[in-house]
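Trainee: Here's the letter readout for the chains.
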Amino acid sequence: MAVIIVILVTIMVFSAMRLLPGDPLEIFIGQSAGMGQMTEDVKEQLRHEYGLDKSPVIQYFDWIGGVLRGDLGRSITYRDSVGTLMAERFPITLHIGLVAFVLGNIIGIAMGIIAALRRGSWMDSLVTMLSYIGISIPVFWLGFLLMYVFGFHLKWLPISGYVSPFDDFWLSTKHIIMPVICIMITGLAVIARQTRSSVLEVSQQDYVRTAWSKGLPERAVVAKHILKNSLIPVVTLLGIGIGIIFGGSVLVEQVFAIPGIGRLLVTSVFQQDYVVVQSGVLVISFIVIMSNLIVDISYAWLDPRIRYG
Amino acid sequence: MKRLLLIILSVVVISALVFVGCGEPEETTTAPTTVPTTTPTTQPTTPGPVSGGTVRVINASGVNVMGYSLEQTPWDLFVLLCAVEKLVEYDENQELVPHLAESYSFNEAAKTISVKMREGIRFHDGSDCDADAIAWNFEHQVMNQRIGYLDQWDSLEVIDKYNFIIHYTGDYNNQLTVAWLWSPPIYSKMAFITAGGTIPENSDIEKSKDWARLNVSGTGPFKQGEFIRDVSLTMVRNDDYWGGTPYLDAIHYLFIPDPVTANLKMQAGEADFWFGPSIKDQLELEQAGLTRIEAQPSVWCLFPNIVNPDSKWHNKDLREAVEYALDKEGMAVSLGFGYYTAAKMVVPEGKEGYDPDWEGRSYDVDKAKDLLAKSGYDGETIKLMVLTGPNVDLATAVKRYLDDIGLNCEVDIADPGRFYGSVFGTSWDDLIIYSFGVMGSSLDSFHNNLGDQPLTRMAGWALPPDILDMSIESRTYADEADQIKAIGDIFMAISEDAYIIPIYKVANAYMASPYFHTTIGQESGFSQYWAKYWLEPR
Chain V
1 MAVIIVILVT
11 IMVFSAMRLL
21 PGDPLEIFIG
31 QSAGMGQMTE
41 DVKEQLRHEY
51 GLDKSPVIQY
61 FDWIGGVLRG
71 DLGRSITYRD
81 SVGTLMAERF
91 PITLHIGLVA
101 FVLGNIIGIA
111 MGIIAALRRG
121 SWMDSLVTML
131 SYIGISIPVF
141 WLGFLLMYVF
151 GFHLKWLPIS
161 GYVSPFDDFW
171 LSTKHIIMPV
181 ICIMITGLAV
191 IARQTRSSVL
201 EVSQQDYVRT
211 AWSKGLPERA
221 VVAKHILKNS
231 LIPVVTLLGI
241 GIGIIFGGSV
251 LVEQVFAIPG
261 IGRLLVTSVF
271 QQDYVVVQSG
281 VLVISFIVIM
291 SNLIVDISYA
301 WLDPRIRYG
Chain P
310 MKRLLLIILS
320 VVVISALVFV
330 GCGEPEETTT
340 APTTVPTTTP
350 TTQPTTPGPV
360 SGGTVRVINA
370 SGVNVMGYSL
380 EQTPWDLFVL
390 LCAVEKLVEY
400 DENQELVPHL
410 AESYSFNEAA
420 KTISVKMREG
430 IRFHDGSDCD
440 ADAIAWNFEH
450 QVMNQRIGYL
460 DQWDSLEVID
470 KYNFIIHYTG
480 DYNNQLTVAW
490 LWSPPIYSKM
500 AFITAGGTIP
510 ENSDIEKSKD
520 WARLNVSGTG
530 PFKQGEFIRD
540 VSLTMVRNDD
550 YWGGTPYLDA
560 IHYLFIPDPV
570 TANLKMQAGE
580 ADFWFGPSIK
590 DQLELEQAGL
600 TRIEAQPSVW
610 CLFPNIVNPD
620 SKWHNKDLRE
630 AVEYALDKEG
640 MAVSLGFGYY
650 TAAKMVVPEG
660 KEGYDPDWEG
670 RSYDVDKAKD
680 LLAKSGYDGE
690 TIKLMVLTGP
700 NVDLATAVKR
710 YLDDIGLNCE
720 VDIADPGRFY
730 GSVFGTSWDD
740 LIIYSFGVMG
750 SSLDSFHNNL
760 GDQPLTRMAG
770 WALPPDILDM
780 SIESRTYADE
790 ADQIKAIGDI
800 FMAISEDAYI
810 IPIYKVANAY
820 MASPYFHTTI
830 GQESGFSQYW
840 AKYWLEPR
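Protein sequence lines, in the order shown, are assigned to chains V and P.
For the first sequence, the numbering used here assigns the number 1 to the initial residue and increments by one for each residue that follows.
For the second sequence, the numbering used here assigns the number 310 to the initial residue and increments by one for each residue that follows.
The reader is advised that the hints may include incorrect statements.
Claimed, not checked - With a cut-off of at most 25 Å between alpha-carbon atoms, the simulated BS3-like pairs for lysine-lysine come out as follows:
#1 P:Lys708 / P:Lys589
#2 P:Lys621 / V:Lys155
#3 P:Lys625 / V:Lys43
#4 P:Lys692 / P:Lys676
#5 P:Lys589 / P:Lys625
#6 P:Lys708 / P:Lys683
#7 P:Lys621 / P:Lys683
#8 P:Lys518 / V:Lys43
#9 P:Lys683 / P:Lys625
Don't read these hints as lab results, they were simulated from the structure.
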């Protein structure tokens with residue numbers, strides 16, 4: 001199934017890019033205005049060089065053939081191999097995305113549990129309010145707000161940019177705080193809501209009531225009986241969260257001037273740099289599909305009914 | 310449960326400590342640690358230029374191709390103009406003067422351009438910038454058809470180490486100086502060749518190209534430091550610069566696509582200079598105490614499609630109706646916040662070719678309606694194409710004025726890909742919003758953009774036959790007075806027939822921190838100007 005989805009994604013992205021009005025070479029020529037003449041001969045030479053003179057079907061199979069051989073193609077805009085571009089940018093998106101994913105899930109699950117266990121208290125109200133804000137707030141707007149408060153006014157954090165943690169860990173940490181908050185906020189809020197309702201539901205089950213009546217300490221009841229059983233729907237969200245992180249990176253990396261996959265995709269879409277967009281989406285879809293596959297497998301560990309079913 | 314809360318509390322406390330730790334008064338800069346600080350090294354005792362410091366410059370787009378000129382876009386070269394120079398350059402009075410060349414001269418009888426190079430200039434890699442290197446640069450440009458008027462190119466003859474002659478065919482053409490001596494940036498031949506292998510004869514051209522895409526070796530006042538694609542580019546001072554040691558230690562370019570982010574960085578003191586802020590950003594930053602530096606003006610215009618034989622825009626009455634329908638003064642005031650002025654001609658006021666006595670077409674709704682009726686307009690909706698961004702407001706205003714006279718208008722907002730694809734490739738249906746600016750002389754700018762052999766031809770606009778002849782003839786004048794008269798006649802002909810409909814003149818500007826200065830009057834980011842920028846100690 002996963003393979004079929006990947007193939008479908010490649011066909012959809014390939015077709016969508018071809019259906020866009022405009023020609024990547026014309027865009028390149030437009031940007032080269034002032035740098036010299038571009039005769040029809042040169043244009044055709046470039047068209048041939050990038051395989052754009054072939055029929056779309058042949059272009060598709062050429063691209064897929066290259067991907068299977070490990071060659072993601074060559075960018076018209078950057079004049080470099082897409083593999084190199086992805087290798088430069090992927091660790092950056094992964095760095096910010098992973099931090100956001102881990103923190104967002106830990107905080108989200110913790111908030112959800114607290115809200116459920118203290119149902120009706122001020123903590124529950126606070127978590128509910130914050131999660132609604134988190135779900136509804138536009139990511140780019142939150143980014144500007146954080147920049148304005150923490151970068152411009154308080155001057156605690158640098159407004160934009162990215163520094164590798166291997167070059168300067170503390171500077172890197174300062175740089176990623178605001179982007180991480182922006183990327184994790186939606187997922188965190190959704191997970192908090194889902195965890196709360198899931199924990200509430202499980203808490204009313206007979207076996208939980210039995211555990212309480214046996215006199216088990218709260219920690220044991222929560223950790224062993226409530227938490228593990230209420231995690232299944234939350235785990236489903238974790239797989240979806242990977243997709244949200246890559247989707248969020250498109251906006252966040254643009255706002256914070258971070259040179260990750262998201263920014264590369266935005267630039268390439270505007271330039272109609274076909275191969276970069278196709279390959280970028282292919283890699284992201286592959287990761288999302290693999291994450292969901294792992295999530296599916298983890299169900300069996302969490303729920304013996306699935307394992308033995 | 311208490312333990313869980315304790316764990317959460319611990320996480321919050323640790324996070325807060327990290328957060329507070331981040332707030333220590335360190336220098337908050339996005340520059341890599343290897344970049345010099347922004348504090349000038351020499352404290353001035355009297356007002357005036359001082360050496361030292363790194364200027365942090367914001368540019369919206371990054372450099373895609375560094376030193377391989379055959380694949381560069383003007384945006385790439387714009388950033389690299391502190392490192393790469395040309396044979397002739399525009400001086401601060403916007404006149405072409407010899408730069409890497411010591412002198413040049415035309416011989417109309419022999420059909421030659423003789424160029425004498427300045428002696429002793431070296432590229433950043435240490436190799437000589439001599440006639441042989443120039444010949445190599447031209448060989449690439451000609452072979453790949455990257456320079457204009459190739460039909461007149463014959464050959465380049467190297468006379469000795471510092472002298473060469475370009476042989477051309479056909480009549481004298483005053484545009485050859487711009488097309489051949491100013492247009493091509495000059496790169497190091499040796500750096501390119503040795504990048505492909507230490508033995509020049511066995512050099513691998515593909516390796517050289519790969520190297521040149523990520524590296525630049527020119528003759529300019531700054532040479533390449535650290536380049537992180539789409540993040541930053543640091544250009545460090547070239548202490549051996551032939552034009553005198555530059556004041557600045559380095560120029561640190563930050564590539565920031567979002568204008569809100571760029572604005573905040575300027576206000577927060579995380580950047581010193583910003584190329585390309587919108588008028589709103591200029592005003593906001595000016596109010597915040599930053600300096601506004603005006604560059605060359607341009608005129609935003611409506612370009613009707615007059616290439617398509619079936620286009621309704623061949624009708625002069627229709628074109629005139631559009632121009633009379635526009636309240637240019639009103640748009641200039643409301644959209645330009647006092648910095649724009651209504652334009653009567655496509656050439657900016659004050660430039661050669663501008664006729665102050667030409668009345669133009671002032672806002673007159675009745676006249677516009679009469680002309681529209683006379684044109685036989687059938688009520689069909691016309692499309693007004695505009696690039697997404699600040700000009701959408703202008704397009705909306707134009708639409709409103711055209712609707713007022715009964716000309717149904719639909720604004721077509723295009724992303725850069727579709728917009729430039731339409732301008733230079735597939736053409737546009739009716740009207741497009743585009744600008745015309747003058748750099749150097751009006752005649753040169755006209756020929757570069759609108760002439761009979763422009764550097765890149767617009768797909769929907771071309772000179773009508775009568776003006777085409779005037780354009781060709783204007784290239785044959787050697788005398789400056791004749792050139793000025795010729796370009797005046799051309800712009801008047803375009804204005805009289807409303808082939809281009811000017812709206813307002815925009816004073817393009819850059820924003821700079823108050824401690825950023827230059828020793829020259831004109832700041833346009835050209836290589837020789839970068840050597841004259843300096844930072845005041847803070």
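Trainee: Hint by hint, say whether it matches the structure.
Mentor: Hints, verified against the model:
Restraint check for Lys708 of chain P and Lys589 of chain P: satisfied, since their Cα atoms lie roughly 22 Å apart, inside the 25 Å limit. Under the criterion of a C-alpha separation no larger than 25 Å, the hint pairing Lys621 of chain P with Lys155 of chain V is inconsistent with the structure, at around 57 Å. With a CA separation close to 34 Å, the supplied pair Lys625 of chain P and Lys43 of chain V exceeds the 25 Å bound. Taking the CA atoms of Lys692 of chain P and Lys676 of chain P, the gap is about 22 Å. The hint holds against a cut of 25 Å.
Between Lys589 of chain P and Lys625 of chain P, the direct Cα distance comes to roughly 36 Å. Violation of the 25 Å bound is thereby established for this hinted pair. Distance restraint check for Lys708 of chain P and Lys683 of chain P: the Cα-Cα separation of roughly 20 Å lies within the 25 Å cut-off, and the hinted pair is therefore satisfied. For a cut-off of 25 Å, the pair hint linking Lys621 of chain P to Lys683 of chain P stands: about 13 Å separates their Cα positions. With a CA separation close to 19 Å, the supplied pair Lys518 of chain P and Lys43 of chain V stays within the 25 Å bound.
Straight-line distance between C-alpha atoms of Lys683 of chain P and Lys625 of chain P comes to about 10 Å, which keeps the hinted pair within the 25 Å bound.
Hint check: violations occur at hints 2, 3 and 5; the rest are consistent with the structure.
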